[in-house]
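Protein sequences, first through last, are from chains X and R. Letter 106 of the first sequence, counting from 1, is numbered 105 in numbering that gives the first Met the number 0, and no numbers are missing. Letter 306 of the second sequence, counting from 1, is numbered 305 in numbering that gives the first Met the number 0, and no numbers are missing.
Just so you know, not all the hints are guaranteed correct.
Treat identical chains as interchangeable: a pair holds within one or across any two.
Derived lysine to aspartate or glutamate pairs resembling EDC-like cross-links, with alpha carbons at most 20 Å apart [to be verified]:
#1 K86 <-> D17
#2 K345 <-> D144
#3 K86 <-> E206
#4 K86 <-> E323
#5 K115 <-> E37
#6 K345 <-> D358
#7 K86 <-> E369
#8 K115 <-> D358
#9 K336 <-> E295
#10 K173 <-> D17
#11 K86 <-> E67
#12 K115 <-> D78
#13 K216 <-> E323
#14 K86 <-> E72
#15 K243 <-> E298
#16 K243 <-> E369
I should point out that these hints are in silico values taken from the structure, not numbers from a laboratory.
Protein chains: 2
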Amino acid sequence: MRISAVDPFYLKMPHITDAADGTQDTLLVRIRTDEGIEGWGECDASPLVSLAVYCCPMSHGNIINIRESLIGETLDGPDDVLRLHAKALRNGLDIQQIHHAYSGADIALWDIIGQKLDEPIYRLLDGQSANAHTKLPYASVLFGDTPEATYQIAARLREQGYRAAKFGWGPMGKFGEDNDIALVRAAREGMGTDAQIMIDAGVVWGEAHETAYARAKAFAPFAPTWLEEPLAPDAIEAYSALSKRNPPVPIAAGEGSGTSRMAEDLIRHGGIQFVQIDVGRIGGITVAYRVRQLAEQHEVQYVNHTFKSHLSLAASLHVFAANESFDLLEYPAAGSKLSQRLTVEKLAVGHDGQVGLTDAPGLGVRVDTEVMQAYLAPVRIQVGSEVIFGPADF
Amino acid sequence: MRISAVDPFYLKMPHITDAADGTQDTLLVRIRTDEGIEGWGECDASPLVSLAVYCCPMSHGNIINIRESLIGETLDGPDDVLRLHAKALRNGLDIQQIHHAYSGADIALWDIIGQKLDEPIYRLLDGQSANAHTKLPYASVLFGDTPEATYQIAARLREQGYRAAKFGWGPMGKFGEDNDIALVRAAREGMGTDAQIMIDAGVVWGEAHETAYARAKAFAPFAPTWLEEPLAPDAIEAYSALSKRNPPVPIAAGEGSGTSRMAEDLIRHGGIQFVQIDVGRIGGITVAYRVRQLAEQHEVQYVNHTFKSHLSLAASLHVFAANESFDLLEYPAAGSKLSQRLTVEKLAVGHDGQVGLTDAPGLGVRVDTEVMQAYLAPVRIQVGSEVIFGPADF
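Sequences and hints are given; from them, build the entire structure.
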């Protein structure tokens, strides 16, 4: 089979705000083959910047775009997906955005191979005898603007049946320690003592590991499962200083990893206990799976980072479904209509409160192209006299 | 003073090949202020992908473009340049390409402040008492396709008066050890025994540190100053394994550093002896200067990576001109007409064979806008019904 088309699509809500809500727009990638199989992937990244990586003119041998790397290529099995990943990254060696952008293509290629071989992706990764274990979904939401609003959000999630929830960004870290503690208390009280809560500080303390340590101590009485991203993604020395003090709450980080080395650096030198990987940023399923293996070697828990549609959620889950001990799943419980409506199938929370994959081939989740049409922002790019990108049909 | 305009310009040669020649196109960034001062910077990155970072629509609070971060901002001194760097990177937290793209803006801002305060940039960085030391330029060229062609290139550089030259990419690592050795021998014989030669393997051995070690041993009799990028930019564990064996040729790397952490990771864990920073990739003068300081702390030699015009060369040199012991300068000795003609002033090789800065304010090198016009590729980007980028006047 050969790759016949590689098309990125920019979708967006009519109005976009500066809230830390990554579901307001998205970049989908569709790959088609000459046998009529088509696969889809989603990037968690700037749609326009990533789209440019699919069509940018060649600068030299290290700046060659993704379409150029893929179209016409042979695609028959998992080895081809790995080979094409290596090729696209080598051709894009000097394109910093290549990992963010290629993520959607890599996911789409796995989706195609799964369909071709009639296998769910997790079984292509972990072998014929692998089982897809269900995970405990934690609702991933933003803090309310106040402790009271946060309490209401937490209480509503509890009513909806969530036994775990992560609260993040918004006011956390911006109005002093007392307010930070009040936010965490509200999350705990709203969710109840039997639930898991996670706190996402949204990189708010930069390199200030002393502040991060103080907050970990202050939050410990509310028993959060982890304190997430207290520091900047690149502040590995600060993470190291923090972890050496053995903070009383486990530290989680990694969503900003745009390469496997960034995740490895956090694991080896940052001393984190949970590594959170966004399959739509790090280069797709291929790279996320490598980080899962690294986490297994280092006895760190692998968790997905997902704040997009259920297409991304499914791609994320295939990466670590086969590992029973990696038992938590970030589950987008809020988000735009675009992200909620984008897929035909959903990964619903089961009666047992768990979320799992089906044995459908590929991702097992398909894009609703009517919804896509409704949110499509057609892109046209001209360089010199040449139109290098225009909207594709679907 | 306030920033009134931020304009990226895509320049390119009429015909672009896949040779590892980064001078075939470029992205210039011009920043204007309400006091009429204008500054320029150059990125060593995909022009289109980087340009998209200047104009991409907001996705949420972590994907906000560079223009949005800068236009209207106060700009009066070096502190503002540092503040704006932090702001733009925070606003672009989830744009992987932000560092490559912002490099040009950061350089342009330093250029403006130098002009405003009537000081060369190196003195803004290192203080009033700093001296700009001259450096030994090493001609940076590609290997010829054969040892014989490489010999001819080396002999010509020697005739031109170069006392140091770096040979890279092309056939190196692609046709077996004997050919690799023949290439290095040809470079040494062409340059003569009294010259410095450097070997740039162009990441050809990926993660194969055993091969890199074997080549370092095989090249040692020809006494190269360093073996550069034998391994992939992200293969820090492989660099670590290589350096622990104490190869008989010093190891250089770092041009692929798109963040200061990537350079820090190479220095702390990769065990390199020379760290090579491209001011047009790592986020500009602000970040390159931080890596210089880190190199000083770790007793590693800082070297520029420059394969662009003399605008980039000047920006690179300001970063470490004041440190006398960092005495080598990568000097683009070949390259396209675009890169050779782009600046009004050149950093010429002096009678003593050295290259230095003048005391002209800012970068001390200006763009020739007539040359620019000749190579300009106007870009137009439409998202939905809106034209979000069109060519600016100059």
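Tested hints:
no., hint, verdict
1, K86 <-> D17, "between (36 Å within a copy, 14 Å between copies)"
2, K345 <-> D144, "neither (29 Å within a copy, 55 Å between copies)"
3, K86 <-> E206, "between (36 Å within a copy, 15 Å between copies)"
4, K86 <-> E323, "neither (33 Å within a copy, 41 Å between copies)"
5, K115 <-> E37, "within (10 Å within a copy, 57 Å between copies)"
6, K345 <-> D358, "within (14 Å within a copy, 64 Å between copies)"
7, K86 <-> E369, "neither (33 Å within a copy, 39 Å between copies)"
8, K115 <-> D358, "within (14 Å within a copy, 66 Å between copies)"
9, K336 <-> E295, "neither (36 Å within a copy, 52 Å between copies)"
10, K173 <-> D17, "within (16 Å within a copy, 49 Å between copies)"
11, K86 <-> E67, "within (11 Å within a copy, 35 Å between copies)"
12, K115 <-> D78, "within (14 Å within a copy, 57 Å between copies)"
13, K216 <-> E323, "neither (30 Å within a copy, 47 Å between copies)"
14, K86 <-> E72, "within (11 Å within a copy, 42 Å between copies)"
15, K243 <-> E298, "within (17 Å within a copy, 26 Å between copies)"
16, K243 <-> E369, "neither (52 Å within a copy, 57 Å between copies)"
The structure fails hints 2, 4, 7, 9, 13, 16 (numbered hints given earlier, in ascending order).
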